[in-house]
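Enquirer: Please construct the entire structure, taking both the sequences and the accompanying hints into account.
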Amino acid sequence: GVPHTACVFVSGVVCPVPHIQNGRVAVPKPRYTYRDSVTFKCRRGFTLRGHPTSRCRGDSRWHPPVPVCEQ
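Position 5, counted from 1, in the sequence shown is what the working numbering calls 112; the numbers after and before it change by one each time, with no gaps.
Treat the hints with care, as some may be off.
What the hints assert, rightly or not - FRET-style restraints, in silico, Cβ to Cβ:
id, residue 1, residue 2, range
1, 124, 177, 20 to 28 Å
2, 175, 134, 17 to 25 Å
3, 133, 166, 22 to 30 Å
4, 137, 166, 17 to 25 Å
5, 148, 118, 14 to 22 Å
6, 110, 137, 34 to 42 Å
Since the hints were made in silico from the structure, they are not lab data. Every residue, glycine too, gets a C-beta built ideally from N, C-alpha and C.
Expert: Here is the structure:
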């Protein structure tokens, strides 16, 4: 097959505001752009499953994925 190549233009990249049910972003911002990172906290009585920190990638996605808070 033909090798797949992709160009990622990082200027102007915006990630969606991350929402975590039964938790919150430690330092919320109204807008997140390329390479911004967020730290997640769970409400009392809930446990974080996943990585506590994510970074906005050039493809407008959070990596690692936004975690979940479980009871």
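Enquirer: Next, verify each hint and record whether it holds.
Expert: Checked hints:
Evaluation of the 20 to 28 Å hint for residue 124 and residue 177 yields a pass: the beta carbon distance comes to about 22 Å. For residue 175 and residue 134, the hinted distance range of 17 to 25 Å is satisfied, since their beta carbons lie about 20 Å from each other. Taken as a hint, the range 22 to 30 Å holds for the pair residue 133 and residue 166, whose Cβ atoms sit roughly 24 Å apart. For residue 137 and residue 166, the hinted distance range of 17 to 25 Å is satisfied, since their beta carbons lie about 21 Å from each other.
A hinted range of 14 to 22 Å is violated for the C-beta pair residue 148 and residue 118, which are about 31 Å apart. A C-beta distance of roughly 39 Å is found between residue 110 and residue 137, which places it inside the suggested range of 34 to 42 Å.
Checked against the numbered hints given earlier, this structure breaks only hint 5.
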